[in-house]
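Peer 1: Given chain A's structure and the hints, the job is docking chain B onto it.
One letter stands for each residue in the lines below.
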Amino acid sequence: MSTTKGQSARARSSRHLALISQSSVLIALILLILFGAVRYEKFLSPFNILTVLRYNSMFALVSLGMCFVIMSGGIDLSVGTTAALGSVVSALLSPYGAWIGLVGGMGAGAVVGMINALAITRLNIPPFISSLAAMLAAQGSALLLAQNQSVSVSYDTDFTVIGQGDWLGFPIPAWIASIAYLLGSLCLNLTAGGRNVLAIGGNEEAARLMGLRVDRVKSFVYLASGTLAGLAGVILASQFGAGQPVEGVGWELFAIASVVVGGTLLTGGQGSVMATLAGVMLLGLIFNILNFENGLGWISLSAYWQSVIRGLFLMVVVIFQSRLVVKRQRA
Amino acid sequence: MPAPTQPLLQMSGIDKHFSGIAALSSASLNVGRGEVHALIGQNGAGKSTLIKILTGYYTKDAGEILFDGQPFAVHSPNAAQANGISTIYQEINLIPYRSVAENIFLGREHRRFGLLDWRRMASEAEELLLRFNLKIDVHQPLSHYSTAIQQMVAIARAVSFQARLVIMDEPTSSLDDHEVAVLFEVIQQLKSSGVSVIFVSHKLDELYVVCERVTVMRDGRTVLSGSLGSLSKLDLVTTMIGRALDSATGEQTGFRPGSDTAPMEESEPLLRVRNLSVGRKVASASLDLQPGEIVGLAGLLGSGRSEIARTIFGAESASAGEMIYQGTAFAPKSPANAISSGIGFCTEDRKMDGIVPEMSVRENLTLALLPHLARAGIVNEEAQRLVVAKFIKTLQIKCSSPEQPIRELSGGNQQKVLLARWLCLNPKLLILDEPTRGIDVGAKREIQNLISELATGGLGVLMISSEMEELVEGSDRVFVLREGRTVAEFNEHPISEDAIMAAMADGISALKSTAPTPTSVAAVTRGNAIQVLNGASPMAASPPEAKPLLPSDQSPAQIPAETKTGRLGNWAERMRRQGVLIALLALIGFNLAFTPHFLSWQTFNVNLTQVCNIVIVGVGMTLVIGTGGIDLSVGSLMAIAGAIAPIIFQNKIVSLPAALGIGLAFVVPVLVAGAFGWFNGWLITRFRIQPIVATLILFIAGRGIAQVSTNGNLQAFNAPAFQVIGLGRPFGVPVQALIMFFFVAVAAWMLRFTIFGRELLATGGNEEAARLAGVPVNRIKRVVYAISGLCAGMAGLIVIAINSSSDANLVGLGMELDAIAAVSVGGTPFTGGRASVLGTLVGALIIQLVRYTLLANGIPDAAALVVKASIILGAVFIQAKGRSR
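First to last, the sequence lines map onto chains A and B. Counted the way the working numbering counts, the first sequence spans residues 25 to 355. Counted the way the working numbering counts, the second sequence spans residues 26 to 910.
Hints were generated in silico from the structure; no laboratory data involved. These numbers were taken from a predicted model, which means no experiment stands behind them. A virtual CB, placed ideally from N, CA and C, is assigned to each residue, including glycine. It is possible that some hints are incorrect.
Among chain A residues calculated to face chain B with C-beta under 7 Å, some are [what the hints assert, rightly or not]:
1) V76
2) Q163
3) L236
4) V238
5) G265
6) Y328
7) M339
Next comes chain B alone, as it looks inside the complex:
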């Protein structure tokens, strides 16, 4: 359809390569003036790359962009905006704490006399929003408004830049139907004022409402461009996927029809929820679910759908009402509780509370299963591998290996891993919150198909979805929620989309739940899910379109990531890990060559002795940082342990037999320090205080406690039996070195092989996801901080034993930073989720050896500090680079 005048935007022949692999090849896009143009394609088809090139995020390799007839080349989103192209991203990119007015004017504030003119900005913001029929208080922080309003604000901001082209990237994904309607009105307004819109969406129905023309992309190419009016939904889908669908008959989803059999005789439902209320969101919700049944839960956003799911799963607690599960009253206190009762829950937002991004497919898949995979807390890796291999095969999860980090997988495959996380537990009830959101068409059908399979196998499925097609075709029955109340139940097939929407919108009182007669309870086979999956038959019996679709999942945009991490990535990863070791060897080599007497037992012992305390404290710190936390209190805890020990063995309070006194002097201070560490963890978990602040409390108060308990005096002593811990040299090796190696070995083993270690890293990698997978997050944190305290206590004892005195003012001073430095040089990232105790050992050795090398070569200690600073910076820089690759 050639536009009457010259198009506003003409992109043609656009090429883009990422490390040699084409993401776009000769892509084109033409948008007319005042036109709403749909841009669609599967995940990775190149839509976002194309848009990012247009907005200056990427630079193109070849091709031409004409905007308003002029060549258009910008190098930043900012410049694109200034030139009339504004983008509204999928996740609303505004500043939640700042006011609405401030968000609209951020970056080009009105000023008067050089200072901000708040009044003018507020009134203009109000005026602007009124254009979109939005009357809100613009002084309020943005975060106090609903997602829809926030999106309107984002659009208002975009428009206020005198935009001539507005790009909307899946704007409706977090809006409910009413809000979508408002958005469409806004789009119409934009259009009538001559602004063009590029509308990216997965939801085909919407396109027909607002868009005039459509561009379809596939594998980095523009495969179709034309008027929407002449194209059917089926045309669009087949063009996107690249082949005719099998179900060209009109089925929109991958659910398997026809499993509806005669209603079961009256049986006890698997789950019955009566008049449930939760917080403000759910007022009186009721539903019930039979084994083998897929029950849909419909409702606008904010109708309380997810809250009900979270309550059944124990992640939120009900304020009233009852739940009956398998015939008995049910009130899970935590997700772990619900999981042990056979319930699984795939959350709405995979990234937020589903996957643990840094962890492998294997570990993500078995996160909830871990307690069952272990004996005495040690993970049985053989069993783990078997489970993972089985599910990768049966669910056809596409990954380069079970060890591939899950973040590199496509959305559909991530979702399959999350489904497998629950399926491997053999659940009786699976709650799916938007199971196919943000997943491309092919994978979507596979997952829908799988859900049908599972239900046929006897699993009860509660499915929340915003997609009417999914609800209507997938569910045996549908409950409709409106403002936290169940307002309707539909159980007669075919369920009408219109009826559901009417109930969602107006709450038609057609509640037919007096005597629910389930229209369908799945087939005769009441086997559990795993048996179904085990057999080769279900998958083989799946509709033929599932398989051939798979290759399209591997789109060009993903290939770079996968190959890189596949081969190059592994190599870089190895380099990065071993880089620290190589640096250490280089240092040793240098010293061997240039430092006299380096290769002597004495030199070895001196360096070892000096590094011990940092490493011992560093072990605890590594674990803490692995959970995403930090512990600033370790130095002060060392001082406390150091202050207590002499009091005990010098019999200052009670007089004890010498041997007992010495024995207690080893144990009690360490335990006290551990208890203080536990207190840190308690503050963090109980009050949700950030670790840096929580441990700052004991950093300040802890040294005070040590000083007060010794009156700030130096306690000198001569107690050989106690001082063994710092001065003993069995076989010529310092005792503290043995202690250090012991701590390192135990911690490394724990991280690698025990449930505790895996769960610790999961907590650091994605706390909410871990919590919802049944990991006792709070307990793990408290234990980790207690361990950090224990380590600090041990180090405190060693320090005073070496010094033959305890000075509360000095013991452990600055240790927190030394330990943190060792941890970061050792390659443990501060973001949590990964930890290397051996790395910390090597990191501490490097820092120590550098210092030794400088001193041995006549460079003053002060200069060594500067060198140490550069090592920390360098190490972290290299590691960060390795990761971003």
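So that you can see chain A by itself, here it is in the shape it has in the complex:
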């Protein structure tokens, strides 16, 4: 093949670009942290760091599930209300012990994930619609179980430790999220199942013809997403002391934004777990920095600015990525 040499040079340069695309989020994150560290005295204080980590763990978990779903070429709009359902179920079960609350909340999420999986693989309903329906169903169930009000958790058991406790000086929710991301990364890069997710997202029909069990992999992905959302709900209930049936609205879109900021293509087939984590932290830190900025007293930006800034940020990232993709296609 006479063209091989030119092609591999081209491949190298485009691989380079892909690397930039995914590392750019990391660079942005580091820059933002440096900015905060220089500008605000207490930005790097243990208290602030731990608070940010504790609070964002829920979003991180939801985004991890979303990352896998998107890499498989799908989407899951139900994660937000599933988290709400998880929080209600775990709050209701919290009197029976922390573990039961934990398993119950995750189980509720798994049920929603299972419903999605069945609708998508058995009934061939597009993921967007299926998860939209699951979103409504989860919200309805949460409201029914909670009888339209928040459900206080039991303080007699250890349930609140899940969200509020520390282990080795590190918030337990952050431990949970870290372990989840490590496992997720391991799964994606070093197991056949993880590679199959990417293969299916890249070309589903081909994956089917190559003998991959497409339906099984997809089911796994939605099941994981639901379970992780349920887990986020458990942390939510435990952290705020109540199961919250109306929480979680809009979490799904926040999670999608984090995944996209992390450089994962919405068309599926490509993506990175750790870059998603960076995306979550990036969007989370914007809120944190806004608080500090107000604290400085120089300007008084209302909290409402955070969504404007997040939106702008998403736009910049997305436009940047689109330029990279265009370049790659031309190359």
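Peer 2: Just chain B now, with coordinates in the frame of chain A:
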């Protein structure tokens, strides 16, 4: 030729029916060990059905399969592979983003300690590819390599399964001659290692190079099986078609010979291209073309043939060089530009950028003509019908009616519709990129014949083809491209295939273009194409084989599809459309029977009022989804409009006369929301950002903007003049219901009757095809998102008017999903290309009525959510089922 030992594969008496119609009847196929066996037949002869039965894709109705002497029955391609039968499909079915090594080992990865062993897989992949003389970096994504290399990888994968039989379905269709040679070497290697190959191809010449024996299929039967050496090409063709060809004299194509007349006196060429370069693919290409001339463009794949065509057509822009068209410098900025200059372009890949599959023959045929068929943007359907009827007749397009979706037509008939798309515009220059690829023999000859007719009528034709016969017999002159440069021109008949191939391969510097003397410029009649077609004579004068061939086009495999959609399909289609309506009526009936006070003006008004906003937003959403997009920002845009209106009529910024203030409060917020919608469209078209991500930006930022502009405070007001929009009840009907009906009516009318509506759906159905038919795709998208913004703005005003207050935190919250739910229950598919505004109205009414019914019967609102979820799932499921039928 009985094989010395028992054959590897014996299929006999295979029957297969699709809904009662036989696709295969008593078909057989025997393949010896280490034999390369050709399987040929026209489109729909049953080749693919037979192969799919062998590989477990379909199950047979009757018959016997013996593989290596043992009965063979598998139920999935996967199982077939595990049992030694691998298939390489026409479209390479690998995963483009994943690395070469990963593609080879996908599904049976090597592991160490339970985790993937990347190193071992890479080294084994390298080793495997070396067997095929392929030295590439296996870590690179597959998509970075050429089609040929990708195909080699697919073959390597197949072989690595210890395959004993490899099936290749038209493996050479996307390879150039050099790559084909490499492929044939690989096949020889497989053969010498004892692997058998079934080789499916339309290209007869190739068969003689690699195959020993051949099986010919026709109408679901095996009609011939024997040694290739004893059969001539003509034998094969006549067996495939089922009757002796008229041109048994040896003509291979349907071009009409002998139109060559004396060279025209020096005249201005229709098109002259000088030293054109385009991107990396075209370096310095030159060619020229006279009216009435067929100019062939030859070159290996990747030689820049298609890029030149696309540049002439304005789909790509030249980086250097000049084009002169009709005597003036020519640099079209877009396909629309080129079309208005009288150029048409049939692309290489019908499915990718030719047809709009969901649309009818009628609409596909007139897609480029639409702007000429309209007055003030409204399509003149009478004129449209006439044009379509004329071309269906003159080109003998076989379809059940002009309303049949084009995807149901055979390849040849699709191509004719695409030709008609340009011919009805009366073009001066027609560019044909592989005009007969993937078309069965009969239709192929018809199309070639037609091309000759057109040129005789004065049309200039630039024909790109990989088939030497087509080039040599069809063209008056042939230009040869090599690596983006014109390396030769042939103008003396007969043009030698060998000379062209030599030039393609080695770039012989026999460029005789110093003073091009066209050997042939078509006949004296310089009428345009349409006049030729209008007259009954050309078709009547066409060679007699064209007509009798047609019936064979209607092969058994196609019949099921056609009859189903012909009668049953229409019925199912109607059921599906009216299913939503029936559900609505059922709901109303239930309520009439069981819900007290249902039949009251008040109940009616309550339900109507509640549904208005969803429908108004849903109208915009329907249009957006019709283009294949989605708009998540509508809820936030409602909040923005709702936040702005009170600021205006409460004179917070400037004080205005009351009437003016109220007036502006109706107009400005809606326009602002529309502008934000336009911004969505701009992001999508300018940066090619996916709609879901692009509108996610304003979903997040938009509510923030509304909150910031009101500081997050609730703005309460009492402004009766403004609140008319939510509280007014002329003749007892809520004002917003009137607004809603107005929006629905306008949008439905627009979709049905205007160019904009048709072009919108074409954009959603196949964006690239629409773009190449001159549809201003980007503008349409921006307008559609702007309309969606306008609708959202209107709904925002109504919400705050009803509430007597505006709360940026709540206005429109979750509306995007409500609207999407209404659209999907209403039957508008998410894939784009079809849209029903009335369906959205009905969908929203159903969702609302269900909720009302549950509430009225004492079931809590939360449970209604769950029911709503099941309705969405159910509706979409039923619609999807109806479509797949």
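Peer 1: Need the list of violated hint numbers for this structure, in ascending order.
Peer 2: Violated: hints 1, 4 and 5.
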